[in-house]
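Trainee: So the sequence lines, in the order shown, correspond to chains A and B. Residue numbers for the first sequence follow the numbering used here, beginning at 1 and rising by one. Residue numbers for the second sequence follow the numbering used here, beginning at 1 and rising by one.
Mixed in with the good hints, there may be bad ones.
[Claimed, not checked] With a straight-line Cα cutoff of 25 Å, these simulated SDA-like cross-link-like pairs (lysine to any residue) come out:
#	chain 1	residue 1	chain 2	residue 2
1	B	K15	B	Y103
2	B	K41	A	G40
3	B	K44	A	A83
4	A	K68	B	K44
5	B	K54	A	G28
6	A	K68	A	E15
7	A	K68	A	S45
8	B	K51	B	T111
9	B	K54	A	V27
10	B	K51	B	G16
11	B	K41	A	P108
12	A	K53	A	P108
13	B	K44	A	G57
14	B	K44	A	R58
15	B	K44	A	T75
16	B	K15	B	K51
17	B	K78	B	G16
18	B	K78	B	I26
19	B	K78	A	Q9
20	B	K44	A	H78
21	B	K54	B	G40
22	A	K53	A	G40
23	B	K41	B	Q96
24	B	K44	A	S7
25	B	K51	A	H38
26	B	K44	A	A76
27	A	K54	A	D81
28	B	K54	A	S45
29	A	K55	A	N22
30	B	K54	A	S30
31	B	K41	A	K55
32	B	K51	B	Q96
33	B	K41	A	H56
34	B	K44	A	Q9
Derived from the structure by calculation, the hints contain no laboratory data. None of the values given here were measured: they were computed from a predicted structure.
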Amino acid sequence: KNEVEQSPQNLTAQEGEFITINCSYSVGISALHWLQQHPGGGIVSLFMLSSGKKKHGRLIATINIQEKHSSLHITASHPRDSAVYICGGQTSGSRLTFGEGTQLTVNP
Amino acid sequence: EAGVTQFPSHSVIEKGQTVTLRCDPISGHDNLYWYRRVMGKEIKFLLHFVKESKQDESGMPNNRFLAERTGGTYSTLKVQPAELEDSGVYFCASSQVRQYTQYFGPGTRLTVL
Chain A
1 KNEVEQSPQN LTAQEGEFIT INCSYSVGIS ALHWLQQHPG GGIVSLFMLS
51 SGKKKHGRLI ATINIQEKHS SLHITASHPR DSAVYICGGQ TSGSRLTFGE
101 GTQLTVNP
Chain B
1 EAGVTQFPSH SVIEKGQTVT LRCDPISGHD NLYWYRRVMG KEIKFLLHFV
51 KESKQDESGM PNNRFLAERT GGTYSTLKVQ PAELEDSGVY FCASSQVRQY
101 TQYFGPGTRL TVL
């Protein structure tokens, strides 16, 4: 069992829908990262959380330390949001342990 | 401010050949990380440099992989000899000392035929 689990693995939505991607972790972490990987392969760091909630544009990330759970929400989704979304827990030292990613497809 | 850069963006080599990947971190970032994503699997940690020293290399798969960071600036990751299972996307990330946020490079897609 992976130390960081994401769900769903694949998600298809219609443009405008509200999207939620979940991340659960089974180890102690110092911070939780959400990353975005576009079809070209490059990775962009979206959020780094150690508590509470962060918002950037249409993206919102929350974390519940007690429940070891984080969510990434996308409001008013758009086809350009189509990408793989990856959560990563910062564990021992400063290395990141990642989930397998969620492939999001937003159809027009 | 320039971000993390990686070279090359793509590399296609034959089994048994040698490939060297390069990562230039953000200027002033002492922490440098290498990660790898093999097809269908999660991104996995390879190693962590603090300046020129290897802080943690527990993720290196075997001795065919050699990472260096001479002078504490850019880093190279050499695979010699490459095997089919080494195919994947190799990412580099950097961060400042005692900062959690890691800035990722665009990755190098390695294909071993």
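Trainee: Against each hint, give a clear statement of whether it holds in the structure.
Mentor: Results of checking the hints against the structure:
| no. | hint | in the structure |
| --- | --- | --- |
| 1 | B:K15 / B:Y103 | violated, 31 Å |
| 2 | B:K41 / A:G40 | holds, 17 Å |
| 3 | B:K44 / A:A83 | holds, 19 Å |
| 4 | A:K68 / B:K44 | holds, 20 Å |
| 5 | B:K54 / A:G28 | holds, 23 Å |
| 6 | A:K68 / A:E15 | violated, 30 Å |
| 7 | A:K68 / A:S45 | holds, 20 Å |
| 8 | B:K51 / B:T111 | violated, 29 Å |
| 9 | B:K54 / A:V27 | holds, 24 Å |
| 10 | B:K51 / B:G16 | violated, 31 Å |
| 11 | B:K41 / A:P108 | violated, 29 Å |
| 12 | A:K53 / A:P108 | violated, 29 Å |
| 13 | B:K44 / A:G57 | violated, 29 Å |
| 14 | B:K44 / A:R58 | violated, 28 Å |
| 15 | B:K44 / A:T75 | violated, 30 Å |
| 16 | B:K15 / B:K51 | violated, 32 Å |
| 17 | B:K78 / B:G16 | holds, 13 Å |
| 18 | B:K78 / B:I26 | holds, 21 Å |
| 19 | B:K78 / A:Q9 | violated, 32 Å |
| 20 | B:K44 / A:H78 | violated, 29 Å |
| 21 | B:K54 / B:G40 | violated, 28 Å |
| 22 | A:K53 / A:G40 | violated, 29 Å |
| 23 | B:K41 / B:Q96 | violated, 28 Å |
| 24 | B:K44 / A:S7 | holds, 18 Å |
| 25 | B:K51 / A:H38 | violated, 30 Å |
| 26 | B:K44 / A:A76 | violated, 32 Å |
| 27 | A:K54 / A:D81 | holds, 18 Å |
| 28 | B:K54 / A:S45 | holds, 24 Å |
| 29 | A:K55 / A:N22 | holds, 16 Å |
| 30 | B:K54 / A:S30 | holds, 21 Å |
| 31 | B:K41 / A:K55 | violated, 29 Å |
| 32 | B:K51 / B:Q96 | holds, 10 Å |
| 33 | B:K41 / A:H56 | violated, 28 Å |
| 34 | B:K44 / A:Q9 | holds, 17 Å |
Hint violations for this structure: numbers 1, 6, 8, 10, 11, 12, 13, 14, 15, 16, 19, 20, 21, 22, 23, 25, 26, 31, 33, all remaining hints satisfied.
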